[in-house]
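Got chain A; can you put chain B on it based on the hints?
Listed here are the chains, written in short residue letters.
Protein chains: 2
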Amino acid sequence: MSNYTAPVEDMGFVLKEVVEIEKLCKETGLDSSTVDILDTVLDAAGKLAKEEIEPINKPGDTEGLKIDSSGKVTTAAGFKEAYQHFVEGGWGSLQFSPSYGGQGVPFVVAASVQEMWHAANMSWGLCPLLTQGAVEAITLNANEELKQRYLPKLISGEWSGTMNLTEGDAGTDVGSLKTRATPNGNHYLIRGQKIYITWGEHDMAENIIHLVLARLPDAPPGIKGISLFLVPKILVNNDGTLGKPNDLKALSIEHKIGIHACPTCVMSYGEESGAIGYLVGDENRGIQCMFTMMNNARLTVGLQGVSVSERAYQQALSFCNERVQGVAPGFKEPGPIIRHPDVQRMLANMKSITQAARALTYAACAEVDYSLSSLPTEALQKHQRRLGLLTPIVKGWCTETAQEVASVSLQCHGGMGYVEETGIAQILRDARILPIYEGTNGIQAMDLVGRKIISDSGLGAKELIKEMQSLATNPSLAELVTDRQLRCFSGSINDLEKTVSIILKNSENKELIGKIAFDTLMMAGTITSSWQMLLSLERASNALKDNTSTAEFFSEKTETVKHFLDFILPRYLSNFATITAITE
Amino acid sequence: MSNYTAPVEDMGFVLKEVVEIEKLCKETGLDSSTVDILDTVLDAAGKLAKEEIEPINKPGDTEGLKIDSSGKVTTAAGFKEAYQHFVEGGWGSLQFSPSYGGQGVPFVVAASVQEMWHAANMSWGLCPLLTQGAVEAITLNANEELKQRYLPKLISGEWSGTMNLTEGDAGTDVGSLKTRATPNGNHYLIRGQKIYITWGEHDMAENIIHLVLARLPDAPPGIKGISLFLVPKILVNNDGTLGKPNDLKALSIEHKIGIHACPTCVMSYGEESGAIGYLVGDENRGIQCMFTMMNNARLTVGLQGVSVSERAYQQALSFCNERVQGVAPGFKEPGPIIRHPDVQRMLANMKSITQAARALTYAACAEVDYSLSSLPTEALQKHQRRLGLLTPIVKGWCTETAQEVASVSLQCHGGMGYVEETGIAQILRDARILPIYEGTNGIQAMDLVGRKIISDSGLGAKELIKEMQSLATNPSLAELVTDRQLRCFSGSINDLEKTVSIILKNSENKELIGKIAFDTLMMAGTITSSWQMLLSLERASNALKDNTSTAEFFSEKTETVKHFLDFILPRYLSNFATITAITE
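Residue numbers (the working numbering), protein chains in the order written: chain A, 184 to 767; chain B, 184 to 767.
Because the hints were derived from the structure by calculation, they are not lab data. Incorrect hints may have been included.
Note: identical chains are not told apart, hence a pair may lie in one copy or across any two.
In silico DSS-like cross-links for lysine-lysine, where the CA-CA straight-line distance does not exceed 30 Å [as the list claims (entries may be wrong)]:
#1 K745 - K681
#2 K515 - K645
#3 K199 - K649
#4 K649 - K361
#5 K649 - K515
#6 K693 - K407
#7 K233 - K330
#8 K361 - K515
#9 K407 - K209
Next comes chain A alone, as it looks inside the complex (with noise of 0.2 Å):
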């Protein structure tokens, strides 16, 4: 039995009515091919995740990664396999263009794809994330030599990619790397030790594109003397055969407390004659190019988020469906445990985070294929704005839920939530990478608050509650939750509006501006997941009355809206008292 099937039914409502996917492709100029057969899609990666990939899960976690004294790694059972038919599928290369063989589909499908993986397997799923990334900055960086020869592979997933920032003191403050890159011909090479490279060496693609930060001979100190680098595992000949192996390896494999499949590596470059490099982008303007990458994974890592909140919540459900225990009240007899009023606020809880999650992440990652399209500046520049203030939510926000719901569904396993037997721990443990990685949520409300508040007056932070406040005062909803729902949500957004005065207020404190930052990020995270749900639900109640949609699924999520506004909603009120209490 598989412990996940993909929420199909939900993903397509979310793209088709919410996201507008159709609307979308028309107005980016994406195919809208795609469109057509969504749910076919849907359904066959559906197919792939629940009977390839999360078999293979629990079995990863248990036999974990071997390498060997070459640094040579061999994944675990399965792997390989389940990533020759994602590459056979096409799977890998769905966002990507079709001039480098991409299927020119729209960023958000691929993301709800993705979602998939993630829920299916978290350590095999970090893979192909890790390739979107390099596509991503070798696409918007790179010289078109270097496209032509390494994109298509890294496109179809035949050759995997990976990024390397990180050093032993140079993690948030990757500014201070040490690496170095010496030009030598039409190439560098590349001499240094990174640390926390996930899938930095395996056995399941024939070769692995490493993009490498790293400093140029009299680069300036710190983030602005920093280049990047692609360093190809084995060497590309001008045929696009496969040369000699480069001169990096992978020293060791992390002991993490979770993703035991995926390797986390250890990389050592140009221990003898240099590794070689090819500069991807201008000198000096690595840190740039990484971002661009950055930004799209910190989306996809809070897609993650949804992902495991999707399997946890799927798990619980399962389990407090078959395990009986105690008579329940209005009950005679022993029953499942799902009878029980706290058993069902925790699933209702986890449930509703998780759509809410979801809405909020594929709203965000529309948001990517805007701000790529071609409308006029003004548009794209708003589409750009909204993303870049979304980014750090939904990564802060979907992975900071994602913990709770983990650990809310392990308890609803009781004693054997505790027991590895059962799968759930593997769940909590695996999830716990993602409030740290790709820029922990500490830096995530960092930017919020920076970056995307006082870096342009509140311009992105004030477009979005005009656009809330338009929703809370559509008629339309008045009819679908309660007078006090709609005015919590109305408050809500009214404290969001004095929270960025207080923060353009305060701007130059940036003591003050960091200790409420946080509480800032979850604030802003709590009330536009209920901007997405009641978007939800109102698209819900359209999609109802033009029978795109059926009376079951609008009264879930009616009841999931609305559990979402008492439960959930409410939790800004703590953030905001905070915000008030440490600035007036």
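Coordinates of chain B only, in the frame set by chain A:
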């Protein structure tokens, strides 16, 4: 380097100034001689915890346990020796009756010492914790012969104890258990299988005394047909020497997410001739007997939450002082990450939650001492009500916050937190059992609203609310915290009062009560711990005036209490908003 130093200053302060241990000894008639040497006792325990019990914590996690085919369990290196020193130091016998070899020290003092064992090594600390439960159950329920034969060696720690409740189909619903007991002369023959038996089998003590719930032939069904039996691992001869092994054994050890060095066993009783057991208390009154130990065990699990929080905070503080990364606001050079405001916020959250949880837990433990004393009936009943009310709050709130503190500590470590070598991951894994065992926190929530609020028509809750209101209007507090902070505290008490009214008004609606139980628990925890924090501050101010404390201590306590009031107390707002949203 040890990762834990017992916080003897704060412990001593809470015992002496907040709990008022001297007054407690006078009023309860307990021997006050320990009080005179309290600092010495805390220092000595702290030394044992730091030098012997903590250093085997991480190795124990890595090494785990061995079980051979006969069911013999071997503990990790050093565990047996540390336990031997614990027994030799008389640490296990502190709070027990001198009639059976105990030292007659107040329970709350013993609790403060136990806080150290669990902080140093949760796996190891569970062995004496379970023995304590067995001693309590035997002391309160067994006949004199059993007491004489078993208590002295359990109290000294030469023998350890266990609690055997759970079976595969009988967890939270213990009434459905199937283990049988058949009368056989002066004893009974026990047959059945128990799961999740903490320290069910090991090599640290020469005998293990199992307390086992089982059914007599023709016992009524459900919870009213369960009796409690004392079942020794090795039978004890009439002269007190050890005889032949009983018919019981460990079948296996659970593979858990944490507390790897603690043998959580599947126990089999009576596979051959039947395990010899002795009835403790009356027939069919097993649940009542077990609950006498369960209640204190619940408090002690809350105490483990305090331990985990303290240790997690210490590790984060140490890491953040050492880890150099980035330039903080107001600085020009890279420095330790503790300079960053968001890191300071995380540390202050951890620290203030830990101190609040400690004060609340010790307050509840002091009620154990009062409840067991010979005070006049009215006073005694008031203390028993208070103890009953605080027990689920301590168990629930201190174990939920321990999850948070452990997770935030891991977060402070960044990527290194996710790697097992750093050690903080173990703390998080170990801690995850706390909201589950001794009654899940969902059960604690139902206990609070059902047995502790509804059953006595809110009497105990109203007494507590009145006492908190009296502190809120204490004029001396107005000089110690801001008006806004005091208003927030007063407001929280009013909202708690409203919540109690809501519960009493809806007491027949079990469905609704079940839905708001957990929010009520968390709200009550946040508010009562704020009460204990404000009380601590007032007492710290008095201690400064009386020269029994230092200006440094007072200043640090002030900062910590104020942080708690701004960052933690407002959390109750979201619980209260949810409660009102779904009950109005």
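Pop the pair K649 and K515 into one bin, within, between, both or neither, using alpha-carbon distances up to 30 Å. For K649 and K515, neither the intra-copy (52 Å) nor the inter-copy (39 Å) Cα distance is at most 30 Å.
Under a CA distance limit of 30 Å, which applies to K407 and K209: within one copy, between copies, both, or neither? Result: close neither inside a copy nor across copies, 39 Å intra and 69 Å inter.
How do K515 and K645 come out at 30 Å by Cα distance, when the copy is not named: within, between, both, or neither? Cα proximity of K515 and K645: none, with 55 Å in one copy and 33 Å across.
How would you label the pair K649, K361 (within, between, both, or neither) given a Cα cut-off of 30 Å? The answer is neither: 46 Å in one copy and 62 Å across copies each exceed 30 Å.
Within, between, both or neither: how does the pair K199, K649 come out at a Cα-Cα threshold of 30 Å? within (24 Å within a copy, 56 Å between copies)
Which holds for K233 with K330 at a C-alpha limit of 30 Å: within a copy, between copies, both or neither? Classified as neither: same-chain Cα gap 34 Å, cross-chain 58 Å, threshold 30 Å.
What label fits K361 with K515 when the C-alpha limit is 30 Å: within, between, both, or neither? between (69 Å within a copy, 20 Å between copies)
At most 30 Å between CA atoms: does that hold for K693 and K407 within a copy, between copies, both, or neither? within (22 Å within a copy, 63 Å between copies)
30 Å Cα threshold - placement of K681 relative to K745: both (25 Å within a copy, 23 Å between copies)
Of the numbered hints given earlier, the model fails hints 2, 4, 5, 7, 9; all others are met.
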